[in-house]
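Letter 268 of the sequence shown, counting from 1, is numbered 268 in the numbering used here, and no numbers are missing.
In case anyone wonders, no lab produced these hints; they're calculated from the structure.
This structure is a prediction, so every number in the text was calculated from the model and none was measured.
Where is the CB? At the ideal position from N, CA and C, for every residue including glycine.
Treat the hints with caution; some may be incorrect.
[Claimed, not checked] Ranges of calculated distance between the beta carbons of each label pair, as one might list FRET restraints:
#1 L47 x Q254: 11 to 21 Å
#2 G32 x A343: 47 to 57 Å
#3 A123 x R190: 32 to 42 Å
#4 Q116 x Q254: 29 to 39 Å
#5 V184 x Q290: 11 to 21 Å
#6 R337 x Y31: 38 to 48 Å
#7 A348 x P282: 32 to 42 Å
#8 D22 x A333: 38 to 48 Å
#9 S289 x I95: 14 to 24 Å
#10 H97 x N316: 31 to 41 Å
#11 Q254 x L150: 34 to 44 Å
#12 R337 x Q290: 47 to 57 Å
[Stated by the list, open to error] BS3-like mimics (lysine-lysine), calculated; alpha carbons at most 27 Å apart, straight line:
#13 K50 x K267
#14 K50 x K230
#15 K160 x K230
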Amino acid sequence: MITLTHSEDLTLVDRAIDGAIDRICERSRAYGESAQALAEAIRRAALGGKRFRPLLVSASFNAFGGNAAAEDGMPAIAAAFELLHTAFVVHDDVIDHDTMRRGQLNIAGTFSARAQSQGANLAGSLLFGEAAAILAGDLLLHEANRLVALAPLRGDARTKIIDLIDDAVFVSAVGELSDVENSVTGKSTRTESLIATAHDKTAVYSFSSPLRAGALLAGADEAAIAAVGKAGSSLGLAFQLVDDLIGAFGTQQQAGREPGADLRESKQTALIALARQTTAWPRVSAALSQAHTGPVAVREAQHAIAESGARDELMNLVIRTIRTAREQSEASALPPRVEALLADIANAVEERIP
1 MITLTHSEDL TLVDRAIDGA IDRICERSRA YGESAQALAE AIRRAALGGK RFRPLLVSAS
61 FNAFGGNAAA EDGMPAIAAA FELLHTAFVV HDDVIDHDTM RRGQLNIAGT FSARAQSQGA
121 NLAGSLLFGE AAAILAGDLL LHEANRLVAL APLRGDARTK IIDLIDDAVF VSAVGELSDV
181 ENSVTGKSTR TESLIATAHD KTAVYSFSSP LRAGALLAGA DEAAIAAVGK AGSSLGLAFQ
241 LVDDLIGAFG TQQQAGREPG ADLRESKQTA LIALARQTTA WPRVSAALSQ AHTGPVAVRE
301 AQHAIAESGA RDELMNLVIR TIRTAREQSE ASALPPRVEA LLADIANAVE ERIP
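Whole structure, please, built from the sequences with the hints as guidance.
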């Protein structure tokens with residue numbers, strides 16, 4: 001597990017996140033019961049996560065020798081990445097029509113139940129739930145940008161951080177759009193294309209941009225910022241490919257929803273693309289066509305994919321991608337503490353493989 005050089009940073013970042021959520025809740029009080037319920041649902045959505053992205057900002061900042069006294073805007077920027085992530089999760093649940101997250105009703109599920117309790121029919125309650133989730137995500141995105149706008153940053157750091165946030169949001173949106181398009185149209189079944197989609201969904205906003213933001217705030221030079229971002233991009237790709245494995249083979253605890261969810265939803269992932277290239281594809285395809293019917297069919301699809309060799313192939317790809325990240329780190333003449341941080345992240349990604 002990654003550890004922070006200065007443990008007080010976690011407290012500062014947590015305070016910044018909590019302060020932003022408190023502001024949303026305070027603002028909601030003037031707008032009635034529904035607005036207050038939405039704000040409290042946002043608070044619940046922001047709780048319970050590992051806060052991995054702000055940890056990366058802070059860990060990178062410290063690894064590059066950042067001085068918190070000289071750059072006290074760091075906690076706000078780290079908090080902005082957490083709010084950005086929470087917004088993406090909330091919107092992602094809408095895209096997937098999920099009403100549960102970590103074994104509990106998510107924002108869409110909460111407001112769907114709220115509508116039903118007030119007499120709405122099924123269609124109306126689902127509409128209300130998804131509308132609430134979209135609006136909650138919008139508020140979180142706004143709050144993330146507000147944190148950046150008001151953070152006490154020096155020199156041109158704010159402009160550069162805005163560019164990092166812009167890159168994170170834009171690339172992630174493009175990746176998510178491609179992911180959904182692949183799933184509903186079958187437009188792309190090429191492994192290379194699906195790997196690119198996996199990268200765009202996660203690598204920039206979850207790894208590359210937070211690491212670069214921490215380095216930038218610490219005063220690292222452009223070459224070092226680029227180097228840590230490049231290694232982070234490889235680690236982010238490995239992380240998302242592991243997520244694809246978890247979506248097919250992970251436990252409910254690992255996935256945060258029912259096991260085999262990606263198989264039930266016929267997601268076109270790199271795992272499926274690799275299975276498509278094998279002679280076992282007819283059996284895999286037949287099993288996938290039934291996966292939506294229940295747990296027994298999901299288990300059959302899991303067996304078919306594993307026996308095709310696609311699971312092992314994707315695991316090998318993950319290991320190769322992690323190795324690439326390690327090589328990029330070692331070849332970039334980064335400070336030893338930064339190399340150690342990247343090695344810790346690589347180990348943490350590898351340990352997630354189901």
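Tested hints:
1. L47 x Q254: 11 to 21 Å: Holds - the Cβ-Cβ distance for L47 and Q254, about 19 Å, lies within 11 to 21 Å.
2. G32 x A343: 47 to 57 Å: holds, 51 Å
3. A123 x R190: 32 to 42 Å: holds, 37 Å
4. Q116 x Q254: 29 to 39 Å: holds, 30 Å
5. V184 x Q290: 11 to 21 Å: holds, 19 Å
6. R337 x Y31: 38 to 48 Å: Since R337 and Y31 have Cβ atoms about 47 Å apart, the given range 38 to 48 Å holds.
7. A348 x P282: 32 to 42 Å: holds, 38 Å
8. D22 x A333: 38 to 48 Å: Once the Cβ atoms are compared, 43 Å apart, the range 38 to 48 Å for A333 and D22 holds.
9. S289 x I95: 14 to 24 Å: 22 Å Cβ-Cβ, so the 14 to 24 Å window holds.
10. H97 x N316: 31 to 41 Å: holds, 33 Å
11. Q254 x L150: 34 to 44 Å: holds, 37 Å
12. R337 x Q290: 47 to 57 Å: Given a distance of about 51 Å, which is inside 47 to 57 Å, the answer is holds.
13. K50 x K267: holds, 25 Å
14. K50 x K230: Holds - the C-alpha atoms of K230 and K50 are around 23 Å apart, at most 27 Å.
15. K160 x K230: holds, 17 Å
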